[in-house]
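Engineer: Given the coordinates of chain A, assemble chain B onto it according to the supplied hints.
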Amino acid sequence: MREESLSRNIDWVTVGLYALFVSAGWLNIFAVVYNPDPEVHQNIFDLSLNSGKQLLWITVAFFSIISIFAIDYKIFSTLSYIFYFIFLLVLIATIVIGTEVNGSRSWIGIGDFRIQPAEFAKFATALALSNFLSNKQLKWNRGTIAIVGGMILCPMMLIILQKETGGALAFLAFVLVLYREGLSGWFLIVGVWFVGLFILTILLGVTTMIYVLLGITFLSIVILVLLNSSFKFRTALRGIMIRFGICLISIGFVFSVNFIIYHVLKPHQRNRVLVLFDSTLDLKGKGYQINQSKIAIGSGGFFGKGFLDGTQTKFDFVPEQSTDFIFCTIGEEHGWFGSVLLIGLYAYFLVRIVNIAERQKDKFARMYGYCVAAIIFFNFMVNIGMTIGLFPIIGIPLPFFSYGGSSMISFTIILFVFLKLDAHRKQILAH
Amino acid sequence: MKDERKLVIQIIFILMAFLFAVRLFFLQVLDDSYRIEAEKNATRRIIDYPYRGTISDRDGRLLVINQQVFDLMVVMRDMKVADTTSFCRGFNISIEEFKNIIYKIKHEPGYNRNRPYPFLKQLSLADYSRTTTLIEEASGFYIVDRTIRSYPHSSAANALGYIGEISKNQLENQNEEGYYEQGDLVGISGIEASYEKYLRGKKGVKHIMIDVHGAVKGSYMDGNMDVASEPGENLICTIDLPLQQYGEMLMRNKVGSVVAVEPKTGEVLAFISAPSYDPNYLTGRYFSKNYDTLQKNPLKPLFNRPLMATYPPGSIFKVAQALVAQQFGLLRPTSTYPCNAEAVGVKCHPHPSPQDLKGSIQWSCNPYYVTVFRNMIYRDKHPNKYKDSEMNFDEWRKHISSFGFGQKLPIDLPNVKSGFLPSNAYYDRIYGDLAWKHSTIRSLDIGQGELLIVPLQMANLAAIVANKGYYYIPHLIKQIGEGKQARVLKKFSDKKFVMVDSGYFPVIVDGMQMVVEHGTAFWAQIKGISICGKTGTAQNPHGDDHSVFIAFAPKEDPKIAIAVYVENGGFGAETAAPIASLMIEQYLKDTTTTPMSRWMLKQMQEKDLISRMKQIYKK
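If you read the sequences in order, they're chains A and B.
With my numbering, letter number 428 in the first sequence gets 428, and the count goes up by one each step, no holes.
Every number in my numbering is 431 more than the matching position in the second sequence, counting from 1.
For reference, chain A alone in the conformation it holds in the complex (with noise of 0.2 angstroms):
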């Protein structure tokens, strides 16, 4: 009976849309590696292409959500910081004995395969915080501030560390999470004041961003002083006062970026950054990547060539085409219809994982909810968002879709840990 209410509460729309995404990304893998040639006979399920490994991983996954099932709910908050300092060890491990890929060291070899203990520290990361967090007698002090920042960053350094920089940035992604528990939202304005800010140094310069900034304040002070019907001497002056600080401190924040940039980092480093922002710095590695990936989205017209029609990433024109890059293929072969279909329903999925975040009355489970919804909706928007030129290339996965065993398997047990609590949400209720 037991069984039966569990079913009956498990939220089959996610389920459905994650099997959708799944078997999307996977015949998109095919279309990837397919080869038009007749007298090459392509079988989807061949285990030496791509869309064959990406079936294996698919089945691994399916192993790993009955697995969640099978075991007792409760013991993701219990073992949480038991399996946050494990990743943290097996993180440092990495860094020690891990495997060199395209110039990061974030891979673990075992046998043939390889897995990416960073994809996997982002769930233990998730359910400790989500443990921290749902402390009743939590209160947002310095103190709680600290921890949970520590908590965030620890992961983070050690991945920067293996120089995997794209997986890392991803951890930011919990600062929504703190917001919706009550972070002030003036954490979120000041953090993309200064990430603005950054950007537009190196994208304007120094001179251009002092002129920018000061407008901004001149503007702002005559909007202050003509909004001020009742005009008050002392609290105008407050405000002229709060807006020329800020204007200092940002303009002393775009003196300190520029002097980093190009006066303390070396000049490959200078560069790595800066392609970041400026692909054309690098013609044939990035630039010529998010070149070649908008060539194959933007060929793809209104409705795409059609499935294994498509050219650009068939014959392998954007590199990294099936993992970080696979977006390409859809918006080469299903055009504007399909990709905006998928980043619809892709929209629909994030927004009903918080939906059902709301609905727990148990905190851990809400937070954790959150935690779900903040990493894929970060994954989905610098993802997508490179490969269409709207972001700096950095190499994460398009969850569900991209191939790689260690994103495929970390993502459907960070979403079915979810699902597996809210199928348990009455039973916590009576608890």
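If you're looking for bench data, these hints aren't it; they were derived computationally from the structure.
Each hint should be verified, as a subset may be incorrect.
Pairs of lysine-lysine residues, derived as BS3-like cross-links and limited to a Cα-Cα distance of at most 25 angstroms, are as follows [as the list claims (entries may be wrong)]:
{"hint": "1", "chain 1": "B", "residue 1": "Lys437", "chain 2": "A", "residue 2": "Lys420"}
{"hint": "2", "chain 1": "B", "residue 1": "Lys437", "chain 2": "A", "residue 2": "Lys363"}
{"hint": "3", "chain 1": "B", "residue 1": "Lys552", "chain 2": "A", "residue 2": "Lys136"}
{"hint": "4", "chain 1": "B", "residue 1": "Lys927", "chain 2": "B", "residue 2": "Lys909"}
{"hint": "5", "chain 1": "A", "residue 1": "Lys139", "chain 2": "B", "residue 2": "Lys437"}
{"hint": "6", "chain 1": "A", "residue 1": "Lys361", "chain 2": "B", "residue 2": "Lys437"}
{"hint": "7", "chain 1": "A", "residue 1": "Lys426", "chain 2": "B", "residue 2": "Lys1020"}
{"hint": "8", "chain 1": "B", "residue 1": "Lys1020", "chain 2": "A", "residue 2": "Lys53"}
{"hint": "9", "chain 1": "B", "residue 1": "Lys1020", "chain 2": "B", "residue 2": "Lys695"}
{"hint": "10", "chain 1": "B", "residue 1": "Lys848", "chain 2": "B", "residue 2": "Lys915"}
Not everything, but these chain B residues come out facing chain A in the computed CB check (under 8 angstroms) [what the hints assert, rightly or not]:
{"hint": "11", "residue": "Glu468"}
{"hint": "12", "residue": "Ile641"}
{"hint": "13", "residue": "Val643"}
{"hint": "14", "residue": "Tyr862"}
C-beta atoms are modelled at their ideal positions from N, C-alpha and C, and glycine is treated no differently.
Structural biologist: Below, chain B without anything else, positioned relative to chain A:
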């Protein structure tokens, strides 16, 4: 407050999705450039070169065909030769050459190891069959077959012309925008050039897909965008191959031209420029090397003499003079003038005197034509002799140019020259306005002086007399295409009348018959054929006189009109006349029929003016 934050987060998700949708709309729907870039990336246009039309002679003997040759291609990525020594031996190259070819391929601009490069070009069928196993045993090599032009009879080089890679200049000035691309072969001279657009056919194009390495991945869009090539049209030429070859044999070791036309149609039966070259020299692998050699040859075998060599016509011009003078009413068949060479100040050769019009042609009397021309220039239309000269010269010139002199005969070959027929303006410039009269310009009397014509115009003169007053523009192509598409160019079926009435011709024709039967060219007569001809001897200040002869035959129903010009050939009767007679006999009878003509043939075959010239120049 919590609900509000949940909403903020969800709105962030939706806004991001919306931002992506808008960005994608710009990329995929509004901006076309990515589609074009993608096609450039993944497809390659391969030109499907059409089969170039063949050219056959008037009886269907093939003069120009396409010969299959084989290019050995190599893809460096796959190249593997187990036994280099035997491989090189099979292809007749040294190991150094082998290494050199590989080195050159690797240093091509934009070298790509996945792309095919020609390893050896234009192997013959024999080479190919000999090396098939070598190619199969090695890897990375394959054969691509192409065609090159081939000339089975090695004949009529200057008429047929040759093809070669298109020049930069032609490429930039082509009429049809973008048809030709660098490296395309086009007709450069002769029929190959003037009938280029019929012969070439239409290039087709195949689109194939390639991957990022340049490796072929099948046809693009199932070949729906491919256009098949259309073969060029075969041409039937007016040349009579046996006559052409006979003429080329006769002109061996001589410098000059022979042009034979069919008067009733203007079809060119023989077109000989001597010395010539084997047209096969200018095909395939050794084109540039051979072209260089030919161009450096001091006897200029590439120079198309029938169209481009301008000569003083000499006495053959008397035919035109006599006709125009009759038209003016200044000369009658009975007009008789003495051969008073000393009195009029020209030379003549011994002959019975005085002569009537027919006799003047028969004996080519110089003083007679001094008188005839003077009568045409001084007609007392104006009291001032100079003014009179100017007016009459102008009228004379108009009539003479109706014979095609001084203008380009629009034959279907490139680079035809107009020759030179002096005008009023020209003499005014030389001597001053109203400062010249007949005695100033009298070398025109007998076709000397400033007057220059090309051999084609001489043959046309013979055709005009044969037709008694009209001609068709001489042409070399009888038919374009085959079967239902067969057609002729219209401009060649228009009769062009000269400004002399047909009634004035018979006396001239009779005179020309006498030339061969009893006159200046009597030793070139052939029993059984009524040949009408006119000798000419063009004075040459640089050496021996040029020998000129025009003729047509048979008199009653002319089937061939011919002009022979042999540089340094002496009197007209000495070299040009026998060659013309032999050609006429060959054309009408297919062989030498009389002991006299066989003797003549032997004489002409043995005549070696080139070696003699060289000796003279050595001294």
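Engineer: Each hint: holds or not?
Structural biologist: To see whether the hints hold, each was checked on the structure:
1. B/Lys437 to A/Lys420: holds (22 angstroms)
2. B/Lys437 to A/Lys363: Holds - the C-alpha atoms of A/Lys363 and B/Lys437 are around 14 angstroms apart, at most 25 angstroms.
3. B/Lys552 to A/Lys136: Outside the cut-off at roughly 85 angstroms; violated.
4. B/Lys927 to B/Lys909: holds (18 angstroms)
5. A/Lys139 to B/Lys437: It holds: about 20 angstroms lies between the C-alpha atoms, which stays within 25 angstroms.
6. A/Lys361 to B/Lys437: holds (15 angstroms)
7. A/Lys426 to B/Lys1020: Violated - the C-alpha atoms of B/Lys1020 and A/Lys426 are around 119 angstroms apart, more than 25 angstroms.
8. B/Lys1020 to A/Lys53: violated (86 angstroms)
9. B/Lys1020 to B/Lys695: Given that 25 angstroms is the threshold and the Cα spacing comes to 19 angstroms, the pair holds.
10. B/Lys848 to B/Lys915: Outside the cut-off at roughly 35 angstroms; violated.
11. Glu468: Since the shortest Cβ distance to chain A is 5 angstroms, the answer is holds.
12. Ile641: holds (7 angstroms)
13. Val643: Constraint on B/Val643 satisfied, holds at 4 angstroms.
14. Tyr862: Interface hint status for B/Tyr862: violated (74 angstroms vs cutoff 8 angstroms).
In summary, the structure is inconsistent with hints 3, 7, 8, 10, 14 from the numbered list given earlier, while agreeing with the others.
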